[in-house]
Amino acid sequence: DSGVTQTPKHLITATGQRVTLRCSPRSGDLSVYWYQQSLDQGLQFLIQYYNGEERAKGNILERFSAQQFPDLHSELNLSSLELGDSALYFCASSATTVSGNTIYFGEGSWLTVV
Amino acid sequence: QQQVKQSPQSLIVQKGGIPIINCAYENTAFDYFPWYQQFPGKGPALLIAIRPDVSEKKEGRFTISFNKSAKQFSLHIMDSQPGDSATYFCAASNTQGGSEKLVFGKGTKLTVNP
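Read top to bottom, the protein sequences are chains F and X.
According to the working numbering, the first sequence is numbered sequentially starting from 47.
According to the working numbering, the second sequence is numbered sequentially starting from 190.
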């Protein structure tokens with residue numbers, strides 16, 4: 047158990063709909079990352095928040111948005127969903143240490159768009 | 190642009206064999222190189238990591254070899270076991286770049302036959 051909690055574990059929704067994925071980082075971790083995993087693209091970095099502020103942005107579509115709340119949990123909002131958005135979405139958190147940035151992943155949220 | 194190239198895509202070895210997975214990177218600003226192990230239905234979990242100031246790091250049966258001049262690094266699994274069957278991802282990050290986000294290779298599916 048990595049200590050990173052994601053909900054829901056599975057989600058099936060229709061095209062055009064909007065969903066919210068939720069993540070609770072490990073206790074004390076200030077950084078939260080969102081990654082998308084698909085068969086053809088592998089693990090793609092979407093966005094990072096650090097202590098409530100956006101820190102880095104990757105291949106995140108304009109239809110997607112995220113935020114990190116004062117209690118450090120994060121939400122990833124996916125709107126106007128398309129079939130191609132079906133993927134496994136991972137949240138991860140980290141506490142930078144002297145030896146490097148150990149990033150811990152949650153078990154993911156499976157999104158199926160039908 | 191794929192910044193971290195991983196090979197092979199899949200690998201089958203017999204129990205006790207030494208699978209080797211290779212990665213090459215392009216960005217010379219990368220200074221942290223972890224390997225992650227992922228079992229089906231689970232999130233990636235950190236296995237071992239190395240910084241470019243050392244050429245080799247060993248933890249148990251897992252060894253990373255690092256060649257800074259060639260911009261390559263590899264994972265060796267000694268005395269492999271069926272329980273090592275999983276997908277392995279190499280990754281890289283620039284910890285001095287303001288974000289600790291990881292750039293992942295596309296993964297290697299390892300099967301260790303009994």
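FYI, nobody ran anything at the bench for these hints, they're computed from the structure.
Just to be clear, a hint being listed does not mean it is correct.
Straight-line C-alpha distance at most 25 Å; calculated SDA-like pairs for lysine to any residue [stated by the list, open to error]:
| no. | chain 1 | residue 1 | chain 2 | residue 2 |
| --- | --- | --- | --- | --- |
| 1 | X | K257 | F | L134 |
| 2 | X | K295 | F | N105 |
| 3 | X | K204 | X | S263 |
| 4 | X | K231 | F | E121 |
Using C-beta positions, here's what the derived DEER-type ranges look like [said to hold, decoys possible]:
| no. | chain 1 | residue 1 | chain 2 | residue 2 | range |
| --- | --- | --- | --- | --- | --- |
| 5 | X | R240 | F | R109 | 23 to 29 Å |
| 6 | F | N97 | X | P303 | 45 to 51 Å |
| 7 | F | E100 | X | N216 | 37 to 43 Å |
| 8 | F | Q87 | X | T300 | 21 to 27 Å |
| 9 | X | Q285 | F | G74 | 21 to 27 Å |
| 10 | F | S126 | X | E248 | 28 to 34 Å |
| 11 | F | F115 | X | D268 | 42 to 48 Å |
| 12 | X | S244 | F | V160 | 27 to 33 Å |
| 13 | F | S84 | X | K204 | 39 to 45 Å |
| 14 | F | D47 | X | E248 | 18 to 24 Å |
| 15 | F | R109 | X | I207 | 42 to 48 Å |
| 16 | X | S254 | F | T61 | 31 to 37 Å |
For the chain F half of the interface with chain X, some residues (derived, Cβ under 10 Å), not all of them [claimed, not checked]:
| no. | residue |
| --- | --- |
| 17 | I58 |
| 18 | S77 |
| 19 | F136 |
| 20 | F151 |
For clarity, every value in this text was computed on a predicted model and none was experimentally measured.
Quick reminder that beta carbons are idealized off the backbone N, C-alpha and C, glycines included.
* Does the hinted range 37 to 43 Å hold for E100/F and N216/X at CB? -> Violated, at about 22 Å.
* Hint says 31 to 37 Å; check whether the CB-CB distance for S254/X and T61/F agrees. => Between S254/X and T61/F, where Cβ atoms are some 46 Å apart, the hint is violated.
* **Residue hint S77/F, partner chain X, criterion CB-CB below 10 Å** => Result: holds, 7 Å to nearest chain X Cβ.
* Can you let me know if the beta-carbon spacing of Q87/F and T300/X is within 21 to 27 Å? => At 23 Å between Cβs, range holds.
* Asked: Between F115/F and D268/X, does the C-beta distance stay in 42 to 48 Å?
  -> About 46 Å separates the Cβ atoms of F115/F and D268/X, which means 42 to 48 Å holds.
* Given the hint that K257/X pairs with L134/F, does the C-alpha gap stay at or below 25 Å? -> 33 Å, violated
* At a threshold of 10 Å, is the proposed contact between F136/F and chain X supported by beta-carbon distances? -> Constraint on F136/F satisfied, holds at 6 Å.
* Asked: Do the beta carbons of S244/X and V160/F sit within 27 to 33 Å of each other?
  -> 50 Å, violated
* Regarding N97/F and P303/X, is the given constraint of 45 to 51 Å on their beta-carbon distance met? -> 48 Å, holds
* Between S84/F and K204/X, is the Cβ distance one that fits in 39 to 45 Å? -> 31 Å, violated
* Asked: Hey, K231/X versus E121/F, does the alpha-carbon distance stay inside 25 Å?
  -> Holds, at roughly 20 Å.
* Asked: Do D47/F and E248/X keep their Cβ atoms within the hinted range of 18 to 24 Å?
  -> At 20 Å between Cβs, range holds.
Violated hints for the displayed structure, listed by number in ascending order: 1, 5, 7, 10, 12, 13, 16, 17.
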